[in-house]
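J.: What follows is the residue order along each chain.
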Amino acid sequence: MDGGQDVARGADTGPNAGHATVADRRAAEALIVDVEGFEGPLDLLLTLSRTQKVDLRQISILALAEQYLGFVEKARVLRIELAADYLVMAAWLAFLKSRLLLPPDPATEEPSGEDLAAHLAFQLERLQAMREASAQLMARPRLGRDVFARGAEEAVTVHRSTVHHASLLDLMQAYARVKTRDEFRPFVMDRRDLMTMEQALDRLRAMVGEAADWADISAYFPEDWQAAPRRRRSATAATFAASLELAKEGRIEIRQGDIFAPIEIRRKDTA
Amino acid sequence: MTDQPETAQFDAASRAEAERMVEALLFASAEPVATAELARRLPEGTDLARALDDLRARYEGRGVELRRSGDSWAFRTAPDLGHLLERHAVETRKLSRAATETLAIIAYHQPVTRAEIEEIRGVSVSRGTVDQLIDMGWVRLGRRKMTPGRPVTFVVTEGFLDHFGLSSPRDLPGLRELRAAGLLDNRPPPGQGGEEEDAQAQDSLFGA
Amino acid sequence: MTDQPETAQFDAASRAEAERMVEALLFASAEPVATAELARRLPEGTDLARALDDLRARYEGRGVELRRSGDSWAFRTAPDLGHLLERHAVETRKLSRAATETLAIIAYHQPVTRAEIEEIRGVSVSRGTVDQLIDMGWVRLGRRKMTPGRPVTFVVTEGFLDHFGLSSPRDLPGLRELRAAGLLDNRPPPGQGGEEEDAQAQDSLFGA
Numbered sequence: 001m002d003g004g005q006d007v008a009r010g011a012d013t014g015p016n017a018g019h020a021t022v023a024d025r026r027a028a029e030a031l032i033v034d035v036e037g038f039e040g041p042l043d044l045l046l047t048l049s050r051t052q053k054v055d056l057r058q059i060s061i062l063a064l065a066e067q068y069l070g071f072v073e074k075a076r077v078l079r080i081e082l083a084a085d086y087l088v089m090a091a092w093l094a095f096l097k098s099r100l101l102l103p104p105d106p107a108t109e110e111p112s113g114e115d116l117a118a119h120l121a122f123q124l125e126r127l128q129a130m131r132e133a134s135a136q137l138m139a140r141p142r143l144g145r146d147v148f149a150r151g152a153e154e155a156v157t158v159h160r161s162t163v164h165h166a167s168l169l170d171l172m173q174a175y176a177r178v179k180t181r182d183e184f185r186p187f188v189m190d191r192r193d194l195m196t197m198e199q200a201l202d203r204l205r206a207m208v209g210e211a212a213d214w215a216d217i218s219a220y221f222p223e224d225w226q227a228a229p230r231r232r233r234s235a236t237a238a239t240f241a242a243s244l245e246l247a248k249e250g251r252i253e254i255r256q257g258d259i260f261a262p263i264e265i266r267r268k269d270t271a
Numbered sequence: 001m002t003d004q005p006e007t008a009q010f011d012a013a014s015r016a017e018a019e020r021m022v023e024a025l026l027f028a029s030a031e032p033v034a035t036a037e038l039a040r041r042l043p044e045g046t047d048l049a050r051a052l053d054d055l056r057a058r059y060e061g062r063g064v065e066l067r068r069s070g071d072s073w074a075f076r077t078a079p080d081l082g083h084l085l086e087r088h089a090v091e092t093r094k095l096s097r098a099a100t101e102t103l104a105i106i107a108y109h110q111p112v113t114r115a116e117i118e119e120i121r122g123v124s125v126s127r128g129t130v131d132q133l134i135d136m137g138w139v140r141l142g143r144r145k146m147t148p149g150r151p152v153t154f155v156v157t158e159g160f161l162d163h164f165g166l167s168s169p170r171d172l173p174g175l176r177e178l179r180a181a182g183l184l185d186n187r188p189p190p191g192q193g194g195e196e197e198d199a200q201a202q203d204s205l206f207g208a
Numbered sequence: 001m002t003d004q005p006e007t008a009q010f011d012a013a014s015r016a017e018a019e020r021m022v023e024a025l026l027f028a029s030a031e032p033v034a035t036a037e038l039a040r041r042l043p044e045g046t047d048l049a050r051a052l053d054d055l056r057a058r059y060e061g062r063g064v065e066l067r068r069s070g071d072s073w074a075f076r077t078a079p080d081l082g083h084l085l086e087r088h089a090v091e092t093r094k095l096s097r098a099a100t101e102t103l104a105i106i107a108y109h110q111p112v113t114r115a116e117i118e119e120i121r122g123v124s125v126s127r128g129t130v131d132q133l134i135d136m137g138w139v140r141l142g143r144r145k146m147t148p149g150r151p152v153t154f155v156v157t158e159g160f161l162d163h164f165g166l167s168s169p170r171d172l173p174g175l176r177e178l179r180a181a182g183l184l185d186n187r188p189p190p191g192q193g194g195e196e197e198d199a200q201a202q203d204s205l206f207g208a
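Protein chains in written order, with our numbering: chain A, 1 to 271; chain B, 1 to 208; chain C, 1 to 208.
If you are wondering where the hints come from, they were derived from the structure by calculation, not from laboratory data. Any given hint could be a false lead.
Unchecked claim - Now the stretches of chain B that chain A is said to cover, found in silico as 3 or more residues with beta-carbon under 8 Å:
#1 73–80
#2 149–157
Stated by the list, open to error - What the simulated footprint calls covered on chain A by chain C, stretch by stretch (three residues with Cβ under 8 Å from a Cβ of chain C suffice, anywhere in the stretch; the number is not a length):
#3 111–123
#4 153–167
Note that the Cβ used here is the ideal one computed from N, Cα and C, for glycine as well.
Given these sequences and hints, build the entire structure.
T.: The structure is reproduced here in structure tokens:
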């Protein structure tokens with residue numbers, strides 16, 4: 001409790017030092033011990049200002065600055081570490097104090113000590129006002145504590161219905177997709193309906209010896225390649241290509257009466 | 001409340017106050033409140049029965065009503081206003097791919113059996129898909145096919161034509177038009193079913 | 001509703017009906033309902049403002065009251081009956097002093113930036129404090145301020161107004177007196193002639 005005594009005496013630097021009661025001393029002591037409880041230097045200043053027991057508008061900023069500096073000094077003596085912003089405030093208040101005590105320098109454009117002090121007073125008053133407003137707000141009848149909402153909430157029933165939509169384009173694209181789906185598979189030649197030129201050539205070579213008269217190349221298609229359009233088409237192409245090959249070899253003659261007319265071949269007699 | 005000494009005035013004030021209290025209690029409660037529970041929560045000497053009567057009369061014909069169920073009391077929305085607490089949320093969703101394809105096949109090939117649809121799509125068609133299209137009013141049953149088993153066929157409806165702005169299913173663009181429109185990028189392999197036009201043209205080229 | 005051809009009668013009936021409907025809608029909801037939402041749920045042409053006025057008058061002094069918070073409306077039990085309803089009280093997190101002060105500063109000074117809150121409190125505001133207020137649904141982000149850095153601002157929500165029984169931020173206790181006393185002014189420290197660097201330096205001096 002020795003430290004406490006020190007602090008109590010430390011508060012004597014204030015203007016009310018002479019009339020300090022035991023209670024005041026205790027309060028000042030508590031200030032030091034509870035320094036953690038302060039919400040920053042402005043809060044501390046506000047608390048200190050209450051010891052002046054005057055309206056905040058009449059407060060002596062000079063006295064307040066001295067109180068604060070005294071507080072910081074005591075904290076230093078007690079080896080209580082103060083956060084940096086408390087020290088910054090102390091430095092600023094020391095500066096303010098010198099401004100207030102020294103006659104103003106007419107050459108400088110810097111704000112006067114009075115202006116700075118007035119602003120600090122404004123800040124304190126504003127903080128105090130916000131603190132009171134906060135208390136008033138919290139004291140209002142509050143929802144869930146004093147005032148209540150309907151307990152049996154009747155929820156809105158939502159009837160969901162889904163409307164499906166498709167456009168003509170969707171429809172056409174879907175059809176195109178279905179009809180071309182095979183094309184998007186890895187490409188595998190379907191040889192079942194495909195006659196190669198070699199096949200046609202082998203067949204033609206074997207048969208051409210008998211072809212004395214002009215005949216449509218389709219006559220040379222195997223029976224099972226005549227009907228189905230896809231097979232017939234492949235046979236036509238392969239046999240035509242084979243015919244050209246044989247014509248080149250000089251084994252057959254080839255003719256077509258007109259555009260799109262049947263292509264005919266016959267054996268070429270070699271003299 | 002009032003401090004008037006006249007009994008009548010005091011009585012009127014306390015009667016109104018009792019009604020207010022019951023009102024607040026019932027309003028704030030999540031569950032209907034039993035008469036006994038109300039009595040327990042109200043100041044002693046409150047004429048609860050009268051307060052409930054007053055309250056019931058006050059809410060008569062209002063948007064909410066005081067309702068009794070068994071021995072408990074609660075505020076409930078007036079039955080005729082129930083519709084205000086309903087919301088009809090209509091969600092527009094794109095028709096699924098399976099449904100769109102099935103619909104397209106029916107439109108292009110109608111009348112078409114389920115087996116035929118499956119053959120064209122190359123996958124089985126779920127009952128739900130066709131049912132959905134029927135539900136939507138875009139597809140209906142056509143005549144049975146005169147083939148073994150007499151399978152049902154599906155055709156598109158007037159509603160379908162309406163929705164897609166077609167005057168007849170024949171107005172559906174053909175594959176060539178689809179291709180011209182860039183909807184069919186690849187040349188189809190020759191001779192695939194449904195490409196009669198193409199096959200025709202080539203066949204005639206080769207003199208078929 | 002009535003089929004009477006007389007306009008006056010019809011009007012009176014539809015007026016009463018509108019009031020009933022708004023009553024039902026607001027009674028059904030524990031949360032305040034926005035005016036726009038009410039309008040959406042009511043038949044077209046309903047005079048919503050009048051219905052709300054009628055309803056407010058009807059419930060004046062009752063056990064439940066019609067209350068406005070911002071642009072939303074809700075029925076709430078009368079504040080003087082809180083003692084009856086203690087059992088419905090919900091345990092709320094006790095707010096720290098920093099949180100209640102920050103909340104008050106946001107309410108009275110809104111829209112307000114974090115730097116401004118810090119200047120008023122003379123101490124830095126932890127992120128957690130504002131986050132907690134946002135979490136509780138009492139504070140939300142407002143528009144960015146048109147000053148260098150375009151800092152975000154904070155404003156109070158309709159949930160805040162609802163919780164504290166305020167119709168609008170203008171109804172905050174003592175607001176007028178505070179404004180008259182100049183305590184809501186954004187008064188820069190002397191010597192700050194809009195030179196931002198200077199301001200910065202002094203702000204940090206004041207713990208901003």
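J.: All the hints need checking, so say for each whether the structure fits it.
T.: The hints, checked one at a time:
Requiring three or more residues with a Cβ within less than 8 Å of a Cβ of chain A, the coverage given for the stretch 73–80 of chain B holds, as 4 such residues are present. Interface restraint, the stretch 149–157 of chain B with chain A: violated (0 residues with C-beta to C-beta distance below 8 Å; minimum three). For the stretch 111–123 of chain A, the assignment as covered by chain C holds, since 8 residues bring a beta-carbon within under 8 Å of that chain's beta-carbons and 3 suffice. Figure legend: the stretch 153–167 of chain A, annotated as covered by chain C; annotation consistent (4 residues with Cβ-Cβ distances under 8 Å, at least 3 required).
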